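Go ahead and model the full structure; you've got the sequences and the hints to work with.
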Amino acid sequence: MKKLLLLLFVLSALYSKSQEIKNYVWEANPSFQELSEDLKQEPAVILFDKRWIHTRVGEYAYASFVMNHLAVKINKKEVINKFNKVSAEDRNYIRKTRDFHARIIKPDGSIRIIPPSSIVEAEVNKTKSIVFEGVEEGDILEYYYILKENPVSSGVEVYQSEAPVLFAQLTTTSSGVDFHIYPTSAFTKQEQGSKTVYTAKNLPAYKPEYRSADIRNIEKIVFFLTLKGYPPTYWNRMLAQSTLPPKTFKGFRVKHAKKLLEKLNVATLPVDKQLETIDSYIKVNFGFYEDGQKQNKITDLCAGKMLLDSDDVFALYSFFLHQLKIPYELVVSVDRQIGEVNRDIYLYPMPHIWMLYIPETNKYISPFSLSKSYGTPRYEVQGALSVSYNGNGSKSVNISNIGSVDAASNMENNVIEVKLNEELTGAIVKTTAQSTGYRSEFDRRALQLLAEENDKEKTENYMKNRFLHGLPCKLISFDTENTEFHNNYISTPLTINGLLEIEDNFVENAGDMIVVNLGKVIGIQTDLFQEEERHSDLDMDFAHRYKRKITFQIPEGYKVESFGEMKKSVKPLLPETEACWFVSTVEVNENQIVIDIDESYNNYIVPVARYQDYRAVVNAAADFFKGSVVLSKIQ
Amino acid sequence: MNKWSVLILFFGLNNLVNAQKESVVLHKNETVNIETNRRGVEIESTIGEKRAIYDSKRVEDYSIKIVYDNFMSVSDIAGNTISEKNRNVYTLYQYNIARGDASGSNVFHSDMKYLFFKMDNVTDNSTINFSYKIRYEEPKLVHPFLFQGNLETKSASITIVCDPEVELGFKLFGDHIDRITFSKTIKGDRTFYQWKAEDLPAFKPEPLMTGAFHYLPHLVYWVKSYKKNGEKIALLENENSLFAWYSQLVRNINKRGLSTVKAKTMEIVKDAETPFQKAEAIYRWVQENLHYVAMEYEMGGFIPRDAADILEKKYGDCKDMANLLCTMMNEAGITASLTWIGTRSKPYSYHHLPTPSVDNHMITTICIDEKKYFLDATHKYCPFGFPSVGILGKEAMIQIDSNHFSVEQVPIPSAEESASEFRFWLKSEGEVLKGRAEITKTGYAKEQFLNHVATKRKETENELWKGILSDGNNKMKVLLTSSQKNDQSNAPLTGGYNVELAGWIKSTSSGMILRPILYYPLSNMTIDTGKRKYAVDLMYNEVFNYEYDYELPAGYKTEYLPENVSLIDSVGEFHISYSLENNHLRVIQTVKNKQIVVDRGSFENWQAFIKKLIKNYNQAVLFKKISE
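Note that the protein sequences, when read in sequence, are chains A and B. Numbered according to the working numbering, the first sequence spans residues 1 to 635. Numbered according to the working numbering, the second sequence spans residues 1 to 628.
Do not rely on the hints blindly, as some may be mistaken.
Partial selection, computed: residues in chain A whose CB lies under 8 Å from chain B [to be verified]:
(1) Leu-35
(2) Leu-39
(3) Gln-41
(4) Thr-184
(5) Asn-390
(6) Gly-391
(7) Ser-562
(8) Gly-564
In case anyone wonders, no lab produced these hints; they're calculated from the structure. Treat the numbers as computed from the prediction; the structure is a model and nothing was measured. Beta carbons are placed, not taken as given, at the ideal position from N, Cα and C, and that holds for glycine.
Shown next, in the form of structure tokens:
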């Protein structure tokens with residue numbers, strides 16, 4: 001009897017939890033927050049956006065119930081078409097649409113219910129959709145739906161959008177599973193009985209800005225589920241597992257890996273050289289399978305170029321490090337423009353970046369990036385928080401920030417020789433671009449792929465963009481030096497030489513004078529002339545520096561009238577680590593103008609407070625691009 | 001800082017990763033059987049294709065999607081992969097075929113679905129084969145056969161097998177049709193029509209091209225008529241048959257009663273005096289108050305919904321809006337007709353292609369004082385009286401009554417009707433130009449701006465205004481002082497603003513150089529005549545008028561003025577003049593295009609025009625210090 005009562009109690013508990021969400025209804029007579037005068041100027045305002053996820057797993061149950069309830073006020077009729085259509089869908093296979101209701105609340109308070117007959121259903125997926133009927137400016141559109149679907153193990157609920165959101169809420173309840181919830185800072189948490197409720201108020205409309213970390217910044221809630229009683233994946237456990245020497249691979253056998261290591265013949269080399277040799281071989285010879293591509297059984301890893309599963313590549317590095325007894329740490333982080341790694345757990349569904357750090361050499365191996373060489377960390381995680389684990393040492397998880405690479409290591413040196421054509425309508429430009437650091441790594445990878453593909457047009461377009469960043473020009477010829485991957489290790493600059501012809505808008509006539517738009521030879525530049533205000537930090541990917549030397553041959557019979565706008569010195573007073581500048585000097589010799597440019601961005605992050613300094617430097621480069629020298633005929 | 005530096009490298013890398021050796025269609029074939037029986041005409045097609053997959057990284061080349069609707073049924077999907085290495089054959093299993101709802105762009109609800117399968121066991125240098133059958137439930141709605149696709153095609157053929165009771169219509173369109181061989185043979189009581197093409201290159205779309213169907217070689221076929229019990233039944237013999245079918249589809253619309261439509265119409269036109277004013281008021285009302293939502297489920301894709309329903313729901317697709325507009329116009333005493341039309345993506349004419357493939361849109365044609373106006377209310381800011389940009393120059397099938405129609409060409413407004421005009425009053429303060437300016441936009445130029453601005457927040461709208469006003473000259477500091485969108489009338493959009501442009505004047509040892517032209521319309525419309533394959537769609541004719549009034553700096557005189565220049569060509573014209581009046585330099589710049597499409601025959605002409613235009617933009621005025 002007791003057992004029966006207990007069973008009934010458990011079942012009713014389960015039943016009552018899921019029944020709650022299933023019984024959700026909206027208020028028959030809704031009332032809404034009055035809008036301030038500012039908000040009345042917005043084309044639309046989301047009055048509330050409430051979501052509820054109930055997941056039950058276990059005891060023959062395997063389902064999620066998802067409720068979405070939203071109300072939006074339409075202030076401008078022009079945006080009606082953005083909000084007047086709703087599809088009751090979530091993220092997984094929908095088993096049933098339990099409820100789907102929509103209504104319009106007119107400015108006078110009258111309510112028009114959209115009849116169920118207006119609901120349409122997709123034939124295959126059975127997704128239900130509805131169009132609000134008779135919508136006019138000033139209306140409030142309100143809908144809610146409850147779906148039964150297959151549970152998802154993780155998700156991201158994004159609340160911020162181009163319309164302000166007055167009230168955002170996520171409620172979670174569960175049976176048989178635990179929710180692990182990670183909201184952004186706007187949300188506050190409340191426990192309401194069996195419900196966990198996250199709420200945010202007055203989310204402003206989200207406005208993306210140039211190089212802002214939109215995914216990171218936008219207000220959202222990340223969640224994942226674990227079976228009840230099962231903990232989330234803590235780093236110490238996950239990383240401990242991941243640092244064990246691999247015993248198997250997906251696509252090949254251990255003996256194949258050993259054979260490759262033998263072939264590489266690194267046993268007697270210093271650690272640095274060992275890793276360079278291994279890394280170079282892997283990055284040059286191996287590629288990753290595409291999604292959906294069949295993976296072949298490998299019988300010989302030494303057989304030259306082939307595709308591997310990316311996890312196998314990671315495991316191969318790990319295997320080699322163990323075989324060579326090289327101590328390493330497993331380092332995990334998240335692209336700082338997307339988010340931040342959680343200090344304790346592996347947070348689904350955040351995309352993580354995995355690297356292997358070698359303390360002895362203070363360098364990183366990036367197994368999952370084919371362009372990134374052994375050495376500096378991936379550019380996306382410079383400065384980012386990371387978790388690391390030393391399998392051989394302390395066997396504990398460390399939290400630290402990954403270092404960053406200075407601008408001097410990401411250098412581009414350009415030597416540009418410019419000579420006008422005979423008609424004085426355009427110019428022949430001989431340019432040499434030498435790059436190091438991240439830039440050269442990308443270029444080397446691109447050049448490798450271009451060579452494999454052997455598509456002349458694609459290669460030409462790539463070169464033209466590389467030199468002049470989209471400025472119309474004709475590529476006459478080009479060649480490259482030090483393209484081999486191993487040059488990444490010894491920081492030998494990658495050299496690309498080009499011969500181009502620029503005609504459009506290069507020379508202007510002014511009577512006896514000609515205006516030569518010499519600035520164009522550095523290629524199209526970003527500008528921030530119109531972007532006077534900034535609300536979020538700016539992320540440039542990596543610190544970098546340009547040094548350019550332009551030598552312009554003054555045509556015979558002409559002298560220099562002015563070159564003032566080619567001289568610039570914009571160097572805001574900033575600490576060295578945050579400094580940025582654009583400085584160009586001009587020297588006029590007998591028949592040449594020589595311009596030296598030094599442009600640097602010492603930090604990849606520009607805080608909002610420093611935006612105007614940064615903007616001044618960027619605009620100086622853009623001004624230089626628009627700059628010209630004036631020549632007059634020698635009488 | 002290079003705008004392109006990191007971005008282009010990343011995007012370049014992403015593109016290159018996927019850009020391996022391209023697969024090839026070794027053979028594609030369609031066999032169409034057209035049979036008559038007591039039910040009428042039955043059309044069943046068997047499609048087969050064989051591809052060589054050289055690089056298995058190109059997963060998209062062996063992932064097949066068959067899109068269909070409820071007018072078709074797809075069956076008998078089969079396929080296999082043959083490995084080059086070991087010649088093993090791997091069969092496609094039915095459980096690997098997925099189904100889903102196909103979402104078309106701008107279509108909220110339809111009966112479009114897809115079947116999808118990815119061939120298994122594909123390795124480098126594999127061959128894949130697949131085939132399937134399509135049965136057309138509605139013989140008027142058959143799909144064309146494309147000889148060319150996004151992969152190189154070694155051989156493509158279509159065979160149509162007709163029973164003797166069927167009269168077949170067919171026509172080839174696109175490029176390379178000179179390479180398509182045709183044969184017609186009779187075997188027994190069956191007629192075999194066959195078209196075959198070989199060695200067709202991969203089709204690579206280009207930016208700003210007119211629709212792909214202008215170039216993709218394809219065959220459209222249709223059943224003109226068939227015999228049933230000895231009696232000839234016309235299906236799609238000519239444009240009359242097509243119209244007869246269309247007319248029958250719209251015969252029973254507006255059955256709900258039109259009292260609400262009439263009442264609303266009277267309310268809208270109550271202050272209008274002339275038919276033109278009434279028509280404009282109705283058009284504006286529909287544009288403003290109805291919202292485009294396309295529901296194209298089965299015959300819902302062809303039959304307009306009831307006007308009273310549309311009025312109540314305040315949404316609909318092109319045919320719904322056309323119906324409501326037409327009904328309202330008629331209620332107001334204005335002659336109005338439903339009109340079928342193909343947009344410019346379709347290269348067909350009604351006479352040459354009397355099938356539903358010829359068109360994809362519906363509008364309303366009204367007639368006032370014997371002049372026709374082609375009205376498309378789906379474009380929220382299209383000026384009244386202007387056809388929408390997508391149908392310029394196209395043939396329209398206008399319903400006169402249930403038995404009569406006319407086919408007429410939609411006119412193309414002149415460039416003067418879509419004008420962007422800027423007037424500047426500027427003077428130099430050192431090397432900075434300062435002053436004020438005014439802008440007006442009319443016609444499609446105005447519509448384009450309003451489309452951008454319409455749904456944006458106020459802050460973004462201001463930025464968009466700044467973008468328009470600085471248009472290509474990013475250094476220009478702009479402060480909007482007044483603006484009038486006039487989005488509910490044909491009155492011009494206007495704006496007034498203060499301008500500041502630093503670094504525009506260059507100092508020399510003896511004076512100053514000023515580049516007086518601040519805007520360079522069409523300068524980015526160069527065509528690489530050696531490479532470009534497909535016509536460039538400029539959308540509409542437009543004229544740009546700029547007037548610059550520069551107050552000469554004190555203590556300077558004009559040393560050099562460029563020569564006035566004019567060029568009038570079939571593709572465009574420009575006029576640039578310089579004059580001095582009372583210490584003011586006046587520069588007038590007018591540029592217009594005269595063709596909405598730069599076709600292949602005009603490439604050289606166009607490029608020569610643009611080059612001359614750019615050369616004349618690159619002129620400067622010299623000011624010299626007056627010696628004391």
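Hints versus structure:
1. Leu-35: 14 Å, violated
2. Leu-39: Violated, because the Cβ-Cβ distance from Leu-39(A) to chain B comes to roughly 11 Å (cut-off 8 Å).
3. Gln-41: 6 Å, holds
4. Thr-184: 22 Å, violated
5. Asn-390: Violated. Min distance 33 Å.
6. Gly-391: Violated - the Cβ of Gly-391(A) stays beyond 8 Å from chain B, reaching only about 32 Å at its closest.
7. Ser-562: Since chain B brings a Cβ to about 5 Å from Ser-562(A), closer than 8 Å, the hint holds.
8. Gly-564: 6 Å, holds
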